[in-house]
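Using the hints, position chains U and L against chain W.
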Amino acid sequence: MAKGQIYIVVERCKACGFCVEFCPTKVLALSSAFNSKGYHPPHVIHPEKCSGCNLCGMYCPDFAIYGNKIAGSTTGGKTIAVGGSHES
Amino acid sequence: MKADPHGVLTGTHFIDGDHACCEGALAAGARFAAGYPITPSTEVVERFAARVPMVGGTFIQMEDELAASITLQGAVWGGAKAFTVTSGPGFSLMMEHIGYAAMTETPCVFVDVQRGGPSTGLPTLPAQADMMQARWGSHGDYEIIALCPNSPQECFDLTIKAFNLAEEFRVPVMFMMDEVVGHMTEKVVIPPADEIEVVPRKHTHKSVEDYLPYGTNGDMVPEMAHAGEGYKFHVTGLTHDEKGYPNMTPQTQDKLVRRLQNKVRSATDRIAMFEEEYLDDADVVVVSYGITSRVAQRAIDNARKRGLRVGKLRLITAWPFPENKIRELSEKVKAFVVPELNLGQMVREVERAANGKAKTFAVSHAGGGVHDPEEILRVIAEASRCR
Amino acid sequence: MPINELVNPSPANAKQVSPNPMNEGLMNPVEGFLRSDRMPHIWCPGCGIGTTVNCFVQALIESKIDLESLALVSGIGCTGRVAGYVKLDSFHTTHGRAIPFATGMKLANPKLNVVVYSGDGDLSAIGGNHLIHAARRNIDLKVICVNNLIYAMTGGQTAPTTPGHATTSTNPYGTFEPAFNLPHLVEAAGAVYVARWTTFHVRQLARSISEAFRKKGFSFIEVISPCPTLYQRRNKMGDGLETMKYYKEKSKTRHGAPTSEVGLTLNGEIVVGKFVDRDRPDYQTMMRAQYAESLGDRYVNEMETEAETECVCG
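Residue numbers (our numbering), protein chains in the order written: chain W, 27 to 114; chain U, 7 to 393; chain L, -15 to 298.
By construction, these hints were calculated from the structure, which means they are not laboratory data. Because the structure is a prediction, the values reported are computed rather than measured. Glycine included, each C-beta is placed from N, C-alpha and C at the ideal position. Do not take every clue at face value.
Stated by the list, open to error - Here are the simulated distance ranges between beta carbons: (1) U:G146 / L:S20: 45 to 51 angstroms; (2) W:A55 / U:G146: 47 to 53 angstroms; (3) L:S20 / U:R358: 46 to 52 angstroms; (4) L:I26 / U:G375: 40 to 46 angstroms; (5) U:M254 / L:I49: 30 to 36 angstroms; (6) L:I49 / U:P197: 44 to 50 angstroms; (7) W:K63 / L:E226: 19 to 25 angstroms; (8) L:Q274 / W:K29: 19 to 25 angstroms; (9) L:S20 / U:T222: 21 to 27 angstroms; (10) L:H149 / U:G224: 16 to 22 angstroms; (11) U:G146 / W:G64: 36 to 42 angstroms; (12) L:I49 / W:K63: 30 to 36 angstroms; (13) W:G64 / L:R217: 15 to 21 angstroms; (14) U:G224 / L:D281: 55 to 61 angstroms.
Said to hold, decoys possible - Every beta carbon over 10 angstroms from chain L, so not counted as near; a handful from chain U, in silico: (15) T18; (16) R37; (17) P95; (18) S98; (19) E102; (20) M138; (21) V227; (22) T242; (23) T258; (24) V263; (25) A278; (26) F280; (27) D287; (28) R310; (29) K340.
The following block holds chain W by itself, in its conformation from the complex (with noise of 0.2 angstroms):
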């Protein structure tokens, strides 16, 4: 079961890969889609693998990936929002 989850702002990236290099459990790829600027931004490809220990959001020079710690099942999904902006 994975502890995080990943967000991509897919406009951002500029493929530099450092979050697919760096990430620790090897979670991401390049993806072969590409954004309105061509690049192609990565993917999760092993999501259960991913801690949430977001290293890929601290590489990241174009704030174009994070990841958070899912939470625990104790909030029964509950929606943390954060800014309102983050509708599913």
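Leaving out everything else, chains U and L in the frame of chain W:
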């Protein structure tokens, strides 16, 4: 707003222009100065360094004028009224930051106690050869205000005025003294604090959400905020929009730079200060400023005694140049006589404004001393003879 | 369709379909500190400046600094653009002069925490004089110096930090000047906290910045960063990622190393760590002590005059 009494040394003093300038700054509410020693200006900050620990302010002698000229601006954005003091060579070093103050609309005062130049020149002797530099010294299009005191008393009074204009228009104001005015000792009367009018910082009252650092409410001068008040605003020397964000397009450039110019130029007639005498029947008008105006006074008085119809226009505000006054006079007088301690600087403005309607005679002087009134009188006589 | 389908273009609801859609996560911690309306930024792919910003933000969060009392001052250059991207009271000043501007700000309002965030050329070349004097005086400033070993913004000219015989646009046949060892320079000048990391060392960098916030006095943190477009490209050192791998491989953490031994060489070992952490009174402490001693109760401590701001603003 009235002056803060802590900074006002009320009383009658016998001090020189440099010292009086310092007192003027304190009376105006200046509580920060950054400086670098340079003759003949150093006494201004030496006095400030001695006074501020007992008034509640800070002086720091920086490692060079480049630092001094920007340190004072950091202090302004930190909430203080601030100034620096220098002479020719230091003034040259400060030019980039004068431009930065103009571009970011940082209210502050730069005192230049002019001395012989160019380069190291005559450190202990007077000149008035930085007048054009005061106006045009930094790169790009911008406007400044420049004042020229001609006595220690004016060094006190007009320094307060300089700070007030800086706050009102959010520009760097050049206080153009010269070595003689700076080092001459005369009576200076400092009134009680409640008789001194001081213009407060144009601080915004808008909420954090509504505040635009470079938005104007129709009066061309934006409202200011300081660091540490929660506005989280951005200031940059890059061409910027109303949010203060860099926006490097010709359209933004046009809007911004024209406003920087117009906010001062449109108020030229209001800002302009001069002293007039004998203008009603004048054929010839002597236009002068600073120490030269005191010498010119003697020449004018002597000329009058000889029956020459000469009038006096003493510029107290050199920039923005009072073009309209000159234009108006050029319709009725034959000539302007412009003595200056330089090889012809403000005379060019007079000539430009007169636009051929009156002749212009420069009485130049390479600097190092003051004119002999006879020199000025001779040119007045010559001007009176012309058609 | 794979679970992890890429969605959407807008940063506001940037999200990937998560394995557990019931757990809507928190916003990227860095986003709240960014002027999102100015994204995307101008830095190149693989440039490390953005990475340093993440670390800076992490330090702000961890040290619980009051953001309303924080001012960030930068100079000119690629790193100088940080000021325009962070949602703080930020001042993008002139080339080399962030430190004196920051000094004036700190002296006028001692309650502010003032950070200087600028590049190696800005701080050590044109700004070199101000760097050493502020360190000498021990002005309470936190200086983050992103060192990409080059003048990047203007197209890749030699900087005082360019190592070895690197190729730059103003040394097209290779440099031949020795480079500054910045930690050594600022230690000698008087800095009380000196550290160096690379953009690979994200956690350590964030920690150093937090430590600097707890320190009173002149703190200097050098961050070696890639400039893939200019420095790395002209010297055939690969892209940003390869440079990061080089940092990972060739850096050696030596806390407390003598700064004379941490000079950089072309493609050589990079000594990282906290080199200096000492205590000496900062400028304002010394100033107040001196005045108090000389003037006794005639001394009016500028911090006591709250009236000052009212005085200025009316």
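Evaluation of the provided hints:
Between G146 (chain U) and S20 (chain L) the Cβ separation comes to about 31 angstroms, which falls outside the hinted range of 45 to 51 angstroms. For A55 (chain W) and G146 (chain U), the Cβ-Cβ distance of about 50 angstroms falls inside the hinted range of 47 to 53 angstroms, so the restraint holds. For S20 (chain L) paired with R358 (chain U), a C-beta distance near 50 angstroms keeps the hint of 46 to 52 angstroms intact. I26 (chain L) and G375 (chain U) have their C-beta atoms about 55 angstroms apart, which leaves the hinted 40 to 46 angstroms range violated.
Between M254 (chain U) and I49 (chain L), the C-beta spacing of about 32 angstroms keeps the proposed range 30 to 36 angstroms intact. Here the CB-CB span from I49 (chain L) to P197 (chain U) is close to 45 angstroms, well matched to the stated 44 to 50 angstroms. Take K63 (chain W) and E226 (chain L): their Cβ atoms lie about 21 angstroms apart, and the range 19 to 25 angstroms holds. A hinted range of 19 to 25 angstroms is violated for the C-beta pair Q274 (chain L) and K29 (chain W), which are about 56 angstroms apart.
Between S20 (chain L) and T222 (chain U) the beta carbons are some 25 angstroms apart, a value that agrees with the proposed interval 21 to 27 angstroms. Between H149 (chain L) and G224 (chain U) the C-beta distance comes to about 60 angstroms, which lies outside the given range of 16 to 22 angstroms. The hinted window of 36 to 42 angstroms between G146 (chain U) and G64 (chain W) holds, with their beta carbons roughly 37 angstroms apart. Between I49 (chain L) and K63 (chain W) the C-beta distance comes to about 35 angstroms, which sits within the given range of 30 to 36 angstroms.
Taken as a hint, the range 15 to 21 angstroms holds for the pair G64 (chain W) and R217 (chain L), whose Cβ atoms sit roughly 19 angstroms apart. A hinted range of 55 to 61 angstroms is violated for the C-beta pair G224 (chain U) and D281 (chain L), which are about 50 angstroms apart. Non-interface status of T18 (chain U) relative to chain L is upheld: no Cβ of that chain comes within 10 angstroms, the nearest being about 23 angstroms off. Under the 10 angstroms C-beta cut-off, the non-interface status given to R37 (chain U) relative to chain L is violated; the minimum distance is some 6 angstroms.
The claim that P95 (chain U) lies off the interface holds: its Cβ sits roughly 16 angstroms from the closest Cβ of chain L, which is beyond the 10 angstroms cut-off. No Cβ of chain L approaches the Cβ of S98 (chain U) within 10 angstroms, the least distance being about 15 angstroms, so the stated non-interface status holds. With a cut of 10 angstroms on Cβ distances, E102 (chain U) falls inside the contact zone with chain L, its closest approach being about 6 angstroms. With a cut of 10 angstroms on Cβ distances, M138 (chain U) stays outside the contact zone with chain L, its closest approach being about 23 angstroms.
The claim that V227 (chain U) lies off the interface holds: its Cβ sits roughly 15 angstroms from the closest Cβ of chain L, which is beyond the 10 angstroms cut-off. Distance check on T242 (chain U): its Cβ comes as close as 4 angstroms (rounded) to a Cβ of chain L, failing to clear the 10 angstroms threshold; non-interface status is violated. Remark: the non-interface label on T258 (chain U) is consistent with the geometry, its nearest Cβ contact in chain L lying 14 angstroms away (cut-off 10 angstroms). Non-interface status of V263 (chain U) relative to chain L is upheld: no Cβ of that chain comes within 10 angstroms, the nearest being about 18 angstroms off.
Against chain L, the non-interface label of A278 (chain U) holds: every CB pair exceeds 10 angstroms, the least being about 25 angstroms. Every CB of chain L lies more than 10 angstroms from the CB of F280 (chain U), the least distance being 29 angstroms, so the non-interface label holds. At roughly 45 angstroms from the closest C-beta of chain L, the C-beta of D287 (chain U) stays outside 10 angstroms, upholding its exclusion from the interface. The beta carbon of R310 (chain U) is kept farther than 10 angstroms from every beta carbon of chain L, the shortest such distance being approximately 45 angstroms.
With a least beta-carbon separation of about 48 angstroms from chain L, K340 (chain U) lies farther than 10 angstroms from that chain, consistent with its non-interface assignment.
In summary, the numbered hints that this structure violates are 1, 4, 8, 10, 14, 16, 19, 22.
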